[in-house]
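So you can see what is in the structure, the chains are spelled out below.
Protein chains: 2
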Amino acid sequence: MVFGFVNKENMSLLTDLYELTMAQVYFKKGMNKTAIFDFYTRPVENRSYLVNAGLEQLIYYLENVRFTQEDIDYLRTTGFFEEDFLSYLKDFKFTGNLYAVEEGEFIFPNEPVVQVEAPIIEAQIIETFLINTLQHPILVATKAMRCYSVARGTVLVDFGLRRAHGTDAGMKAARASFIGGFAGTSNVLAGKEYGIPIFGTMAHSFILAHIDEIKAFKDFAEIYPENSILLVDTFDSIKGVYNAVKAIKELGMKHFKGIRLDSGDLLKLSKEARKILDSEGFKDAKIIASGGINEYKIKELLDKGAPIDGWGVGTELVVSADLPYLDCAYKLVEYDGRPVMKFSSKKKTLPHKKQIFRIYEDGVFKKDIITRFDEDIEKGKPLLKKVIENGKVVYKLPKLTEIQKKAIENFSKLPEELKDITKTVHLYPEVSSSIQKTVKELERKYLNGELQ
Amino acid sequence: MVFGFVNKENMSLLTDLYELTMAQVYFKKGMNKTAIFDFYTRPVENRSYLVNAGLEQLIYYLENVRFTQEDIDYLRTTGFFEEDFLSYLKDFKFTGNLYAVEEGEFIFPNEPVVQVEAPIIEAQIIETFLINTLQHPILVATKAMRCYSVARGTVLVDFGLRRAHGTDAGMKAARASFIGGFAGTSNVLAGKEYGIPIFGTMAHSFILAHIDEIKAFKDFAEIYPENSILLVDTFDSIKGVYNAVKAIKELGMKHFKGIRLDSGDLLKLSKEARKILDSEGFKDAKIIASGGINEYKIKELLDKGAPIDGWGVGTELVVSADLPYLDCAYKLVEYDGRPVMKFSSKKKTLPHKKQIFRIYEDGVFKKDIITRFDEDIEKGKPLLKKVIENGKVVYKLPKLTEIQKKAIENFSKLPEELKDITKTVHLYPEVSSSIQKTVKELERKYLNGELQ
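Sequence lines, in order, name chains A and B.
If you count the first sequence from 1, position 186 lands on 186 in our numbering, and the numbers rise without skipping.
If you count the second sequence from 1, position 193 lands on 193 in our numbering, and the numbers rise without skipping.
It cannot be assumed that every hint is accurate.
No copy labels: a pair is met if it fits in one copy or bridges any two.
Said to hold, decoys possible - Under the rule of at most 25 Å between Cα atoms (straight-line distance), these lysine to any residue pairs were calculated in the SDA-like manner:
1. 239 to 449
2. 239 to 448
3. 215 to 31
4. 386 to 410
5. 8 to 70
6. 239 to 338
7. 353 to 212
8. 297 to 423
9. 239 to 444
10. 297 to 323
11. 437 to 369
12. 286 to 79
13. 28 to 214
14. 283 to 302
Calculated from the structure, these hints are not laboratory results.
Just so it is clear, the structure is predicted and the values come from calculations on it, not from any experiment.
Please work from the sequences and hints to get the whole structure.
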């Protein structure tokens, strides 16, 4: 029996077959000059900005990607590869440069979030893992920031592990949602690995295993006197609130951390629950809401005055339910010093090694300008940082709390129309005249039949 | 720097905090009688059936879940746990029973796909991982089967690794889509780990790195004379087909495996491409289509007569784009011999340890009947098999090819209206009178205030 865990030892094979077959052709043909690849996103519905995340995992991969003897032995059995190329793979490592927009920065369509500069065999082989490891964190950090943007200081916690697409997505979602402004996660392993605060309440099964609800609440509160969020909706939410109050009082406790509502009309129930808790002397007890929560529901409930103090946001966060995938790509933009672009249908690419300059006006984000790498824009903040140089990591990742702080600061600098979760505004970067010139030149050559 | 890989050693912590805090309360209160939990799905949009998958990973987890010293040390630092409970965790393993519907069987709303019978602490702790490891494979196997059901014998290949939500989802998607009738995957690691056939073509970057398209095609076809699917849409798809033909002819090759169309009007382009290939003497050359493919597009294109021989199905398959999550739950249905149910809002549960009997009529699936575990339905096929007994695996997983065969056979036995991808029909199982009697009894007790 196999499980299929991906780890440091086997991650090099977590790639599309064509990356390796193309690599063998390059190898056989002696074609291995420096290539520049851009990873970028295309405009998507329901998102006016994306929050960058996932870089830590990408760096780890590029530092550690190797083909083990077991990998090589498997590749030999496929019949696609010859011995000279398999020997090359035995010594394979990433020796190129990585430029990247930092985690917690906001990104917009067509911008090279990550730029790889490496011998083309290396730059090609890493493609699949690179996209896989970046897409999902960006989706979740963005969804989280959208929740944060409407939460008015209420507490957001990732409850999504069980509904994430597999184990790795559960880990990535916890980390990315923290970057997007969440206070923590229910995922214990993410707490351990990333140092993220962990949170938890109780399940319906806990109530049902007891003979009655009050006994269940008392059992829990006795063991966790400071830390009991009592789940009140197993039978009837309002009766549940009264039972919770009763349990806390019967235990003679002064402190009552709070309750969780997991179903029903959360506006009505939270208002009733607040009244009961206040009138029973538990003004500090918090009301946590969960069950199908997303940014739209948070906004609606808070707009209508729901006295909800915190949110367990699960499924819709971790699968980014209203946008479960990004239209993103990793495209060749330069080979051996020659700028290249793809012409097919509407999916044109921008040639050249690049830089992104971010322009602010009176502290508010105004626009981005994409330039050739060696151009300089006065007063612009260059976004692409050198992260790996000749295969060596030259960038120090900030702490996760610092990345979160940066993301929140960046949000505050957005123009108002981009902050509105009910609208989609596509803010495209300006493209410098030098890149535009190359685009025109390549289009001319293409129309003249010099490219075919 | 940490990567966050989940593996055999740390997977026990891949759980929601509340599983462990509830477990500590049970432990402290000496409450650890046998519990029965059902994992089941609720009705969803766009799916008239679900294809079961993910069992192999669940079995591996239940066989191997342990808390290491490192896990215990971390849990101690959280402040949530006391030493006696941490000692208990040190010796923790799953000692219960697992009943499951086999992979490749079709499942319907409210049916216990998996049933766990174990001391409640064990049954509770495994909840999060169990749901995480089952949901995504079921989503993908189902999406794959929907593609298979309209593909009329054309070849389906999973191209989705890059857009899957993290590394594990990429692995699970390859395995689950194979169960759902796919011929293979582009994911090399899935090929190695699961023995799934691997497929690949070439990328736009390969064309762009060359000075011209014909040279690129020739380079590739020289190295892979039997196995070159040439990607023709980098500049212009039809010109690309001519260039592909030219490359093959200039190499003097008799065999031409085929071309891939990745953008544009696939109906028009595939028809034109077919004409060109045929008239140039390459009647055997295949046309593969990719780019935003899903079951609806496959059906539409084939209905309109597109001469497409194979499909690279990526993003929409692996994220199950039109249904990115299941409404699924893991609920307590019996504790210490006492049947229990949850009453909140519309999410009622069915009490008791159960069996599902599947009834066929003239070889066509007619209905399922959910009974108490010890009831017997004449001529019904019991679906829940004993997989783990007292912590030991007693079930031999079929080969993946056998599971696929079973899934395809099961599909053929569905009534026609359930096969139609354009309709959603919710086929609910019958509930036996003995379970209905318990439901009524519990409702009566609840209304009388005996349950609260």
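Right, here's what the structure says about each hint:
1. Proximity of residue 239 to residue 449 under the C-alpha cut-off of 25 Å is restricted to the inter-copy arrangement: shortest distance 11 Å between copies versus 77 Å within a copy.
2. Taking identical chains as interchangeable, the C-alpha atoms of residue 239 and residue 448 lie at most 25 Å apart only when they sit on different chains, with a minimum of 14 Å there against 78 Å within one chain.
3. Taking the closest pair of Cα atoms, residue 215 and residue 31 come within 25 Å of each other only across two copies (13 Å); inside a single copy the shortest separation is 73 Å, beyond that limit.
4. When the C-alpha separation of residue 386 and residue 410 is checked against a cutoff of 25 Å, the pair qualifies only within one copy, where the shortest distance is 21 Å, while the shortest distance between copies is 54 Å.
5. Taking CA atoms no more than 25 Å apart as the test, residue 8 paired with residue 70 passes in both settings, with 13 Å inside one copy and 19 Å between copies.
6. Taking the closest pair of Cα atoms, residue 239 and residue 338 come within 25 Å of each other only across two copies (23 Å); inside a single copy the shortest separation is 72 Å, beyond that limit.
7. In the homo-oligomer, the alpha carbons of residue 353 and residue 212 lie at most 25 Å apart only across protomers (21 Å), although the nearest pairing inside one protomer, at 66 Å, exceeds that limit.
8. Only within a single protomer do residue 297 and residue 423 lie at most 25 Å apart by alpha-carbon distance; the minimum there is 15 Å, versus 29 Å between protomers.
9. For a Cα distance limit of 25 Å, the shortest separation of residue 239 from residue 444 across copies, 17 Å, qualifies, whereas the shortest one inside one copy, 74 Å, does not.
10. Taking the shortest alpha-carbon separations for residue 297 and residue 323, both the intra-copy value of 16 Å and the inter-copy value of 19 Å come in at or below 25 Å.
11. In this assembly of identical chains, the alpha carbons of residue 437 and residue 369 lie at most 25 Å apart only when taken from the same copy (15 Å versus 69 Å across copies).
12. Taking identical chains as interchangeable, the C-alpha atoms of residue 286 and residue 79 lie at most 25 Å apart only when they sit on different chains, with a minimum of 21 Å there against 62 Å within one chain.
13. Proximity of residue 28 to residue 214 under the C-alpha cut-off of 25 Å is restricted to the inter-copy arrangement: shortest distance 17 Å between copies versus 73 Å within a copy.
14. Proximity of residue 283 and residue 302 under a CA criterion of 25 Å is satisfied intra-copy only: 19 Å inside one chain copy versus 64 Å between copies.
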